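Q: Residue numbers for the sequence shown, in our numbering: 3 to 467.
Calculated from the structure, these hints are not laboratory results. Warning: the hint list may mix true and false statements.
Stated by the list, open to error - In silico EDC-like pairs for lysine to aspartate or glutamate, Cα to Cα no more than 16 Å straight-line:
no.	residue 1	residue 2
1	Lys457	Glu398
2	Lys100	Glu72
3	Lys167	Glu72
4	Lys454	Asp411
5	Lys441	Glu458
What the hints assert, rightly or not - Have a look at the derived ranges for each label pair, beta carbon to beta carbon:
no.	residue 1	residue 2	range
6	Pro286	Ser343	27 to 35 Å
7	Pro359	Lys457	50 to 58 Å
8	Ile276	Val211	50 to 58 Å
9	Asn210	Ile271	22 to 30 Å
10	Ile98	Ile131	52 to 60 Å
11	Leu10	Leu269	34 to 42 Å
12	Ala181	Ile98	43 to 51 Å
13	Pro170	Met196	45 to 53 Å
14	Gln173	Asn94	36 to 44 Å
15	Glu238	Leu344	46 to 54 Å
16	Asp122	Lys66	50 to 58 Å
17	Ile189	His140	32 to 40 Å
Since the structure is predicted, the reported quantities are computational estimates derived from the model, not experimental observations. Positions of the beta carbon are idealized from the N, C-alpha and C atoms, including for glycine.
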Amino acid sequence: MKTFFKSLKFRLLVALCIILFALFYGFGYIVVHTLETSYKASLEASLFTVLKDIKHDFAEDPDKELALDETQDEFDIPVLFSQVVAYDSMSNIPNIIKRSSDLKDQSLPIEPIIVQQIFDNPNEIVFTIRRDPNNPEHKIYMGTIFLAQKEFQMLFLQCALPYDKHTPQIQDIKETLWAGLLTLLFIILGLAYMLISKSLANVLHVTNVAKTLYGETKHSIIPKSHIAYEIDDLIETFNTLLGELQHAYAQVQQFGQNASHELKTPLTIIKGEIDVGLRKERTPKEYVQILEKVGKEVSTLHEIIEKILFLSSTTKNDLKKHFHELYMDEVLLEAIEEKRSLAEQKHIKLTIETLEPQNLRGNASLLKIAIANLIDNAIKYSPHDSTVHISLMAHELSICDEGIGMSADEIEHIFEQFYRTKQSQESTKGSGLGLAIVKNILDLHDVAINVKSTKEKGTCVKILF
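Let's have the full structure, built from the sequences with the hints guiding it.
A: Here it is in structure tokens:
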């Protein structure tokens, strides 16, 4: 039962039902209220005409007896309650002088408040709703008007018509409105149910298709419905997210495979060296050589693990909170000094051709790591007695070497984790994580990197601020 009430279809239908019922009820209320007001206005107009006519006859001949029943016949009114009242202002006691035959032995009420209102406005008619004197279960619409003043008595004329707010005609209209509007409500809800079911069926189809997809499923998309723009937009958004997830899954999978390979190689070497050392007793010199190889591979492992941890733990938003204004020329000079001893070992010159002041908002330590990695690569893949040309100009830092170079196909993959070109695998030792770290750092700073290279002529890396 709870599932039913949590259903979006049920909630939409209930909301639509409430809104439509409120609108229809409001419309019916306005129609009935308008009819009741019109009916009341017609009664008031009839009473106004009768009262004015009788008063006119009285004004022409005050001594003539008023023919109240003749007035009823004159205006063709089925039921007319009328009476002439003499109100003693000294005793406040009304005296019925004449009454119509419809009143029989009953009388219309003349209350002090009505007398006061007429006293304040003698030329106005006071209209009130009272109980039918012959049938208390029904009401009358009564008008009272001032006729004349005789010594201590005030003469009033009162006429009343039967008044029922819910006349048979109005009651029939109310019943017709209820029947018609409820029928229309059920028809609209039925059509809405079909439309909502059709729309939600497409959403359910998207859900069912999504359930069959997995992270390792390559190039899987949900087909568009071509029925509703909103659903197709949802499907397109989901397909975009799915594509990103599949790409991320492929990267994680590739990262795991490469990481296991890179970590397995030094571990295999370490195990092999230890096994060799344990087969038989060795000389101190041989043990030193074994330990030196093990130490070297441990350093390699340490470097790989540190880089893997850096790539997996850097969070863009957290790091950006600690950004501040820095001078790129100072960061560059520190990175060059850090790598100068490595360059001197290969007799490579680190030449600063241009050094212009450049401000940037970022993290100096991370940018220094990125630039140092690029200089380190330039030194690694350059021959002895060559030059690495470094230039810092407005909005651009370039590091160009005279090394082995790369092909266009290789350039496309150099920023991938653990990727190494065939020549680099043969000529130098590395983990293939340096440029991946560089790319992560530059992306963090919203800085672009461009690489151009020619085989056997060198590589030029440009950082564009």
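Q: With respect to the beta-carbon atoms only, verify the hint that Asp122 and Lys66 lie 50 to 58 Å apart.
A: With Cβ atoms ~29 Å apart, the hint is violated.
Q: I want to verify a distance hint. Is the separation of the beta carbons of Ile276 and Val211 within 50 to 58 Å?
A: Holds: the Cβ-Cβ distance is about 54 Å, inside 50 to 58 Å.
Q: Holds or violated: are the alpha carbons of Lys457 and Glu398 at most 16 Å from each other?
A: violated (24 Å)
Q: Is it true that Gln173 and Asn94 lie within 36 to 44 Å of each other by Cβ?
A: holds (41 Å)
Q: Take a quick look at whether Lys100 and Glu72 sit within 16 Å of each other, Cα to Cα.
A: Holds, at about 13 Å.
Q: Are Pro359 and Lys457 spaced within 50 to 58 Å by their CB atoms?
A: violated (36 Å)
Q: Could you say whether the range 34 to 42 Å given as a hint is met by the Cβ separation of Leu10 and Leu269?
A: About 55 Å separates the Cβ atoms of Leu10 and Leu269, which means 34 to 42 Å is violated.
Q: CB of Ile189 to CB of His140, is that within 32 to 40 Å?
A: Given about 39 Å between the Cβ atoms, the range holds.
Q: Could you grab the alpha-carbon distance between Lys454 and Asp411 and see if it respects the 16 Å cut-off?
A: With a Cα-Cα distance of about 12 Å, the restraint between Lys454 and Asp411 holds, given a limit of 16 Å.
Q: Given a hint of 43 to 51 Å, does the C-beta separation of Ala181 and Ile98 actually sit inside it?
A: holds (47 Å)
Q: A range of 46 to 54 Å was offered for this pair. Does it hold for the Cβ distance of Glu238 and Leu344?
A: holds (50 Å)
Q: Check the following: the C-beta atoms of Pro170 and Met196 are separated by a distance inside 45 to 53 Å.
A: violated (39 Å)
Going through the hint list in order, the structure does not satisfy hints 1, 3, 5, 7, 9, 10, 11, 13, 16.
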